[in-house]
Amino acid sequence: MEFTADFLGSLFVSSLGQWYVIIPAIIIGLIIGAIPGLGPANSLIILLPFTLALNVETAMAFMVALYCSARMGAGIPAILVNIPGTAGAAATPFDGYPMTQQGKGQQALTLSFVASAFGGLIASVFAIFAMPLLSRAGYYFHSVEMVVVMLFGLTLIAVVSSGNTLKGLIAGMFGLLIGAIGPDAIYSAPRATFGFLELYDGVPVVAALIGIFAISEALLMVEVKSIVSEVGKIRMATQTRWKETIEGVRMALKRWWHIVWTSFIGLGIGVVPGAGAPIAAFVAYQQSRLFSKTPEKYGTGHPEGILAPESANNGVTSGSLIPLLTLGIPGGSTAAIMLIVIQYHGITLGPRIFLDSPQFPYGVLMSMVITYLFMIGTILPLARYMARITLVPTQYLAPVIISFTLVGAFAPRGYLFDMGLALVFGVIGYIARKTGYQVSALLIGIILGPYVEQYFMRSMRISEGDPMVLFSSTIGNFLWAFLVLSLVLPPLRRRLKRKKPS
Amino acid sequence: MKETTGSEQKLPTMKGDELVLPIMALLFAIYYFYTIKDLSWEAQINGLLIGSVLIILVLVFLVKTGLEFVRGQASLRSKDLFKINRIQLVKAGLLALAIAYVLVIPYAGYTLTTFSFLIAAMLVLGVFSPAKLIGISLALSLAGYYFFIVLLDTRFAPGPFENFITWLF
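Chains as they are written, first to last, in numbering that gives the first Met the number 0: chain A, 0 to 501; chain B, 0 to 168.
Chain A extracted, bound-state conformation (with noise of 0.2 angstroms):
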């Protein structure tokens, strides 16, 4: 295949004349990511008449346009109202909301606007030129490697503990128990279910995330008058204007360095299946708050809080593609449902792709990059109006969350089960902020506890029991090092920090 600029410009332009279905996929994305609950795997494939009635290159930029802008609209809410649309988005709140509170929620919305479509852009312009590279990286990473990635994510529990060390590991260790409900990694026997029938598959991710944010929050939040703080109310009336919005994208470009290799690690986990948005996002956040200048201006409302995982999980979005493109195998349920329609219009998946028709792949990933160039234009300028719902009092506000996340619990899976979950889930996460117990420390746990136990009882089969299989392989053994670092480094450095002055 000739790999020229006149390819690349064939692909551009012909990406481009899908705008009549890109467009409106990103509004439609971004309303359901806002929703906690309706992914776009759900909403694809009610649309699923829709797009098989398209041509495959149609279909595709339409699908393509509503996942990424649907991981953007995620980090509305979480912004917003300290509830993430998704679970790629749980740890967007952690600098997200403080900032909504100090009144600069425009700001903050503004900043992770950003980015998500230049940490996206950057990703899918990457993968197009690194798309055989990439698919090999599948191969790389084993079961081994991936219980060191998933340790990189549950650091984060110690991080957003550092106010209180005990309470934050209780909480975290609590969230990974409930995380290793339901069936086990090998003979899938139940366990701890209640003898609830539902919850053989586990506990659905998406009814604890509703009940540990959206519910307890609502609960919180009647205690106020506003979530705004007083100050912040007055900040919002005198400078909501386009400036915040200005300064926003100023803030964000002015860390651009950091946009871009937080969205090479969202990249990076996309490219490998079953590794998703939830786990790039913690990993780059707390990557991001080890190499900063400034870790303990982390939850308190700092831009680089923002722009770790929000490029992150966009640029899981291409990376997702890639095994999907490459190899045919879809790295998750909406790259799932992709398969599905690609299947339908009768293309084969696979190396001889890159031969027989290879406009289609690089196609594939040239429409998520027009996709990023359309939503900095689309959405930047809502940030100002989406701000200004901050501002309606909570006895409106609460009830609306609470109906609405409700049934976000409820459609994934179709089971009333999943809303009293949500609303049990709802009181521990209550109970969690109202004793100072970190609930994202739980959430961590329960997302990634799953996660940890299936990649390390498959090291430990493959081993046939032998736990030196975690330190067998080089790339492994590097990333073992490297999460060494990580946990020693930052007391280290404080320690330095102090001995300083004197």
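Covered stretches of chain B, going by a simulated chain A footprint (3 or more residues, C-beta under 8 angstroms):
1) 20-33
2) 43-55
3) 115-128
Simulated from the structure, these hints should not be mistaken for laboratory data. Just so you know, even glycine gets a beta-carbon here, dropped at the ideal spot from N, CA and C.
Fit chain B to the known structure of chain A by using the hints.
What follows is chain B alone, placed relative to chain A:
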């Protein structure tokens, strides 16, 4: 060491609320161990590792709190969680309405249940203007019906409103 006078003496921190989550975690860990006792080691190992660490952490927390209690630095009284006041009653009311919402939705359908829930919840939260109550609830429940039921085909059992609309069109 400087002696403290009665007025300077620090009141013990109320730690009763902080014990709720660790005790829940402890009970859950014990239940978890009970459910895996007859399973193969592959199914046990993960829960055993996590559960053991969790139990150790909870015990450390309990011992720490116990020591503070013995020293008079902490009391086991509830600071906020179990106090009965207006705001707590409002929260309990909201939670009760949310439970009712989940229980009623299979019979009354999405739209009617959401409409009733929004009115009741806003009343509990102190909105008494009939125009606002009915207007906001009607607009939101109809918007929710259009978005969740019509557009996204969320499969709630149809209620009287959904059946009426189906009959109408």
